[in-house]
Amino acid sequence: MQKLLVKTHEVWLVTLMASFMSNNAESKRVLNDFSDILFRNLTWIERDLIKRGEDYDYNRGNLPIKVDSLKVILSNISTRLTDMELMLSSVDNEELRIRLESDWDYMKFRVNILNDEKVTAFDMNRTYKNYNLSKEAVDAFTLFLFDESYKEYELIMIYNYLKAHFDDDFLNKIFQILVDESMFHLKSFGNMMAEMGILAVPRTLHKSLYQIEDVVQFLKDGIEEETAAKEMCRDLSAAVGRDTEELARFFDFINNQESYHIELMKEALAYYEKKELDG
Amino acid sequence: MEMDKEIIQHMSNPNNYGRIEDADSIGIGENPQNGEKVLVYIDVEKDCSGEYVIADIAFEAIACMTTVVAGSIITQEARDITFSKCEELISVTLGMLENVPPEEAACSEMVAVALKAAIDGYLLSQEKGEKQTLIYKIGHSCSPDKEFSIEPQEEKQCKNC
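So the sequence lines, in the order shown, correspond to chains A and B. If you read the first sequence in my numbering, its first letter stands for residue 1, the second for the next number, and so on. If you read the second sequence in my numbering, its first letter stands for residue 1001, the second for the next number, and so on.
Honestly, the hints are just simulated from the structure, not real lab data.
Going by beta-carbon spacing under 10 Å, a handful of chain A positions derived as facing chain B:
| # | residue |
| --- | --- |
| 1 | 62 |
| 2 | 126 |
| 3 | 139 |
| 4 | 143 |
| 5 | 146 |
| 6 | 150 |
| 7 | 199 |
| 8 | 205 |
| 9 | 221 |
As a list, the in silico DSS-like pairs of lysine-lysine whose alpha-carbon atoms are at most 30 Å apart:
| # | chain 1 | residue 1 | chain 2 | residue 2 |
| --- | --- | --- | --- | --- |
| 10 | A | 129 | B | 1005 |
| 11 | B | 1005 | A | 71 |
| 12 | B | 1005 | A | 135 |
| 13 | B | 1037 | A | 187 |
Heads up, the beta-carbon is just placed ideally off N, CA and C, and yes, glycines get one too.
Kindly generate the complete structure, drawing on both the sequences and the hints.
Rendered as structure tokens:
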């Protein structure tokens, strides 16, 4: 069961990366939708593990995704799903087993009939929509995408872990919004990385990041980090703003979204502290 | 950080990223200012002259991408070399950092001191007969405007390991 969680985590990321690689609207949509379903599958398996009192973590293997043609990664996804189906016998919860089997069976069928296309997501062209960015702006943009795509993945897994372990509707509603927001950011940054030919899987997480002992401190640090991220967006907006209004406006938009995240985290912090105080 | 294809390669697919289960030694480099950390895992063997050699190495970074690039480069250099060569590598790396802006130096220093902690921890564990995990704190600051002073070689036992 824990192995199935690891494998589902891995296939979610590979499918998400494949959606970034594709330039075909239909394939991109299908792979994006499937990655969302696979992430939900991960949360179902996780919930079942918690119910059964089994220990687990978000460790996973390295995921080689560098391909020249989409068919190669699609075939990899299909093989992974087949391997996972063979592990379903470890799932005692019959309802869950049937749901997972049905999802994966359809995904395999659908992925296998998607059209092939040339993949340019790893060619390191480092151009974005033919905008004429200065070397300084391209370097700053590149570093931002690497740093922030990892950060968003980290946040998704942290809030997901907290949500899985908190039996509190109010906090879980906030954590779910933060998961959704980070998912949107990760997808935005991933698509930009693919366009620039620098797509990469976010690195693995150390468990001390999500197995949080001090929630209050975590939220306080998180507010500080989001504030720092706002600064980065402001700097980047200024750096690329000279060359392209679209990118400058995108970073202003992300910057303003960080303000919303800060408010949500402050709300969670105030609620949690009050709850602790009330015993 | 100025980018070229090699640096992007380190960012996309850092060498030796991850952990070694049941490693012979784990060293931790920490930035006390912001809690960023690097963990270096090593497996050790003896070469034909009886000197300790780093037979396998891995690292994890709870830190920024510049630290990951430094980890990818330094751990690759440290692989398959003797402890004494590794000490030289650490010393050269720390020496080079004296001419680097503090906010850039902090990242590489964190990797270098984590590697030093892994080696020292291994030697200490040989003396004491049980595994010792050391944490070394760095002396550079990520934010030059908030420069602080901490002994780079301060050492303590890790509470979490």
